[in-house]
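The listed protein sequences derive, respectively, from chains A and B.
For our numbering, count along the first sequence from 1 and bump the result up by 11.
For our numbering, count along the second sequence from 1 and bump the result up by 92.
FYI, nobody ran anything at the bench for these hints, they're computed from the structure.
From the three backbone atoms N, C-alpha and C, an ideal C-beta is built for every residue, glycine too.
Just to be clear, a hint being listed does not mean it is correct.
Which residues of chain A face chain B? A partial, calculated answer using Cβ under 8 Å [said to hold, decoys possible]:
#: 1; residue: K50
#: 2; residue: S57
#: 3; residue: L59
#: 4; residue: N63
#: 5; residue: N126
#: 6; residue: G159
#: 7; residue: L160
#: 8; residue: L165
#: 9; residue: N249
#: 10; residue: S250
#: 11; residue: H253
#: 12; residue: S255
Just the calculated beta-carbon pair ranges, DEER-fashion [stated by the list, open to error]:
#: 13; chain 1: A; residue 1: D167; chain 2: B; residue 2: Q227; range: 17 to 25 Å
#: 14; chain 1: A; residue 1: E35; chain 2: B; residue 2: R187; range: 54 to 62 Å
#: 15; chain 1: B; residue 1: K139; chain 2: A; residue 2: D167; range: 19 to 27 Å
#: 16; chain 1: A; residue 1: K166; chain 2: B; residue 2: E129; range: 39 to 47 Å
#: 17; chain 1: B; residue 1: P163; chain 2: A; residue 2: M51; range: 29 to 37 Å
#: 18; chain 1: B; residue 1: E102; chain 2: A; residue 2: P190; range: 17 to 25 Å
#: 19; chain 1: B; residue 1: G193; chain 2: A; residue 2: Y17; range: 42 to 50 Å
#: 20; chain 1: A; residue 1: D236; chain 2: B; residue 2: K139; range: 50 to 58 Å
#: 21; chain 1: B; residue 1: E129; chain 2: A; residue 2: K223; range: 44 to 52 Å
#: 22; chain 1: B; residue 1: D159; chain 2: A; residue 2: P244; range: 26 to 34 Å
#: 23; chain 1: A; residue 1: D236; chain 2: B; residue 2: D161; range: 52 to 60 Å
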Amino acid sequence: MYDFAYHHPKTLAEALAALKDKPEARPVSGGMTLIPTLKMRLSKPSDLVDLNGIKELTGIKVEGNGVTIGGMTRHADVASSADVKKTIPALAQLAALIGDPAVRNRGTIGGSVANADPAADYPAAVVALDATITTTEGKHKADDFFKGLFETALKDGELITAVSFPKPEKAGYEKFRNPASRYAMVGVFVAKTAGGVRVAVTGAGPSVFRVKAMEDALSKNFSSDAIKDIKIPADGLNSDIHGSAEYRAHLVTVMARRAVDQANK
Amino acid sequence: MEIKGEYRIEAPREKVFAALNDQDILKACIPGCESLEKLSDTEMTAKVRLRIGPVSAAFGGKVTLSDIDPPNGYKISGEGQGGVAGFAKGGAVVRLTEDGGVTILAYDVDAQVGGKIAQVGARLITGTAKKLADQFFGKFAEKVGAPPPTPVEAA
Numbered sequence: 012m013y014d015f016a017y018h019h020p021k022t023l024a025e026a027l028a029a030l031k032d033k034p035e036a037r038p039v040s041g042g043m044t045l046i047p048t049l050k051m052r053l054s055k056p057s058d059l060v061d062l063n064g065i066k067e068l069t070g071i072k073v074e075g076n077g078v079t080i081g082g083m084t085r086h087a088d089v090a091s092s093a094d095v096k097k098t099i100p101a102l103a104q105l106a107a108l109i110g111d112p113a114v115r116n117r118g119t120i121g122g123s124v125a126n127a128d129p130a131a132d133y134p135a136a137v138v139a140l141d142a143t144i145t146t147t148e149g150k151h152k153a154d155d156f157f158k159g160l161f162e163t164a165l166k167d168g169e170l171i172t173a174v175s176f177p178k179p180e181k182a183g184y185e186k187f188r189n190p191a192s193r194y195a196m197v198g199v200f201v202a203k204t205a206g207g208v209r210v211a212v213t214g215a216g217p218s219v220f221r222v223k224a225m226e227d228a229l230s231k232n233f234s235s236d237a238i239k240d241i242k243i244p245a246d247g248l249n250s251d252i253h254g255s256a257e258y259r260a261h262l263v264t265v266m267a268r269r270a271v272d273q274a275n276k
Numbered sequence: 093m094e095i096k097g098e099y100r101i102e103a104p105r106e107k108v109f110a111a112l113n114d115q116d117i118l119k120a121c122i123p124g125c126e127s128l129e130k131l132s133d134t135e136m137t138a139k140v141r142l143r144i145g146p147v148s149a150a151f152g153g154k155v156t157l158s159d160i161d162p163p164n165g166y167k168i169s170g171e172g173q174g175g176v177a178g179f180a181k182g183g184a185v186v187r188l189t190e191d192g193g194v195t196i197l198a199y200d201v202d203a204q205v206g207g208k209i210a211q212v213g214a215r216l217i218t219g220t221a222k223k224l225a226d227q228f229f230g231k232f233a234e235k236v237g238a239p240p241p242t243p244v245e246a247a
């Protein structure tokens, strides 16, 4: 690790002040991605602003027609929350499938969404459920938030304070896990929402994406058979030692069908 | 790994080729380029700082132009050392064809990454290389062409 100045703010205002005008400062939430990167000296921030002491960023609230989850809420707390299980069971199930117990007890929803790893689970739920991402600068719609590989609409120094998920009529999430890292080789979140059916895929491409053909087919008939013949093109999908782009394209249809079955249970 | 792509640029082929050899334009288009210094007409030294997700690394290295065939295209290659992070090298074969008054720029990238950055980031290398290629050629097409260009296909 290289040297850095460590800040441990107690409030959001203190955190923002610590980040202000320091282009090489980084906020750290659960640290599940950033800390290993620092240990390997693949990043050299001037300052680390630790968000773990900020109480106002934690917690789960059932509000109006959905659930609002504070940015610093751990995956394990989402997975075990009675409120989430009752309102959006698929979201609790997704959180329970992230990484391993150590990651679930440290990693946070805000950290996962801000990092936008191409194989992270939460982006699929954020997009499929048409969630709203609230930050220190305002609100972002899910469809406009994820811009590409590790790229979001967040500006430097902008922090996620909460993610609000409207309650869907039905929803399901299924992923094919990498057996070593538990990252999604492909994960598909399917939701029947007030605004129509939404299908979001993570792990397959450089960033989460929707599959319109499946959304159209499921709008007419919300059953896994309705999408069994829909193939997505392998062009532009991820290809690595764990699986080719063609393999991932195939998995998208398989996982989408399982997610629909899950939603219909 | 290989990455191909194509851009339509609203400019004549001679103008596009000249721009491909213009070091000021290259500097403006290479993602994260902090400096580009001319050694000769075909050789430059570059300093590039890349930030992809949690990783941030500075590479110092050389950029070379070869197989120069005006105005049909050339090969642009780069290799750099990122210190503890590892090394990166790669090249792009660029072909220009005319389509009316418009130039079609086709590129074929071959990139290799080694060292620590390759060990930990194996699953991300293709995506990263594609993103950097798109940034470079997208910006190039924007700078050289008249109205905003559209990527014809992404492979």
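Each hint tested on the structure:
1. Below 8 Å, beta-carbon pairs count as interface contacts, and K50 of chain A has none with chain B, the closest being about 10 Å; its hint is therefore violated.
2. The criterion of a C-beta within 8 Å of any C-beta in chain B is not met by S57 of chain A, whose closest approach is roughly 11 Å, and the hint is violated.
3. Residue-level restraint check for L59 of chain A is violated (minimum Cβ-Cβ distance to chain B is 12 Å; threshold 8 Å).
4. For N63 of chain A, the interface hint is violated, since its Cβ never comes within 8 Å of a Cβ in chain B; the closest pair sits about 17 Å apart.
5. Interface hint at N126 of chain A: satisfied, since its Cβ lies 6 Å from the closest Cβ of chain B, which is below the 8 Å cut-off.
6. With its C-beta approaching chain B no nearer than about 6 Å, G159 of chain A sits inside the 8 Å limit, and its interface hint holds.
7. The restraint placing L160 of chain A at the interface with chain B holds, with a minimum CB-CB distance near 5 Å, inside the 8 Å limit.
8. Because the beta carbon of L165 of chain A sits about 12 Å from the nearest beta carbon in chain B, more than 8 Å, this interface hint is broken.
9. Because the closest C-beta pair between N249 of chain A and chain B is about 6 Å apart, less than 8 Å, the hint holds.
10. Because the closest C-beta pair between S250 of chain A and chain B is about 6 Å apart, less than 8 Å, the hint holds.
11. The criterion of a C-beta within 8 Å of any C-beta in chain B is met by H253 of chain A, whose closest approach is roughly 7 Å, and the hint holds.
12. Annotation: interface hint on S255 of chain A violated; nearest CB of chain B at approximately 11 Å, more than 8 Å.
13. Between D167 of chain A and Q227 of chain B the Cβ separation comes to about 18 Å, which falls inside the hinted range of 17 to 25 Å.
14. Take E35 of chain A and R187 of chain B: their Cβ atoms lie about 39 Å apart, and the range 54 to 62 Å is violated.
15. Checked against the hint of 19 to 27 Å, the C-beta distance between K139 of chain B and D167 of chain A comes to roughly 21 Å, which is consistent with it.
16. Between K166 of chain A and E129 of chain B the C-beta distance comes to about 32 Å, which lies outside the given range of 39 to 47 Å.
17. Distance hint check: the CB atoms of P163 of chain B and M51 of chain A are about 45 Å apart, inconsistent with the given range 29 to 37 Å.
18. Restraint check, E102 of chain B to P190 of chain A: a C-beta distance of roughly 49 Å breaks the suggested window 17 to 25 Å.
19. Between G193 of chain B and Y17 of chain A the C-beta distance comes to about 58 Å, which lies outside the given range of 42 to 50 Å.
20. Here the CB-CB span from D236 of chain A to K139 of chain B is close to 56 Å, well matched to the stated 50 to 58 Å.
21. Between E129 of chain B and K223 of chain A the Cβ separation comes to about 48 Å, which falls inside the hinted range of 44 to 52 Å.
22. For the pair D159 of chain B and P244 of chain A, the supplied restraint of 26 to 34 Å holds, since their beta-carbon distance comes to about 32 Å.
23. Remark: the range hint 52 to 60 Å for D236 of chain A to D161 of chain B is upheld by a beta-carbon distance near 55 Å.
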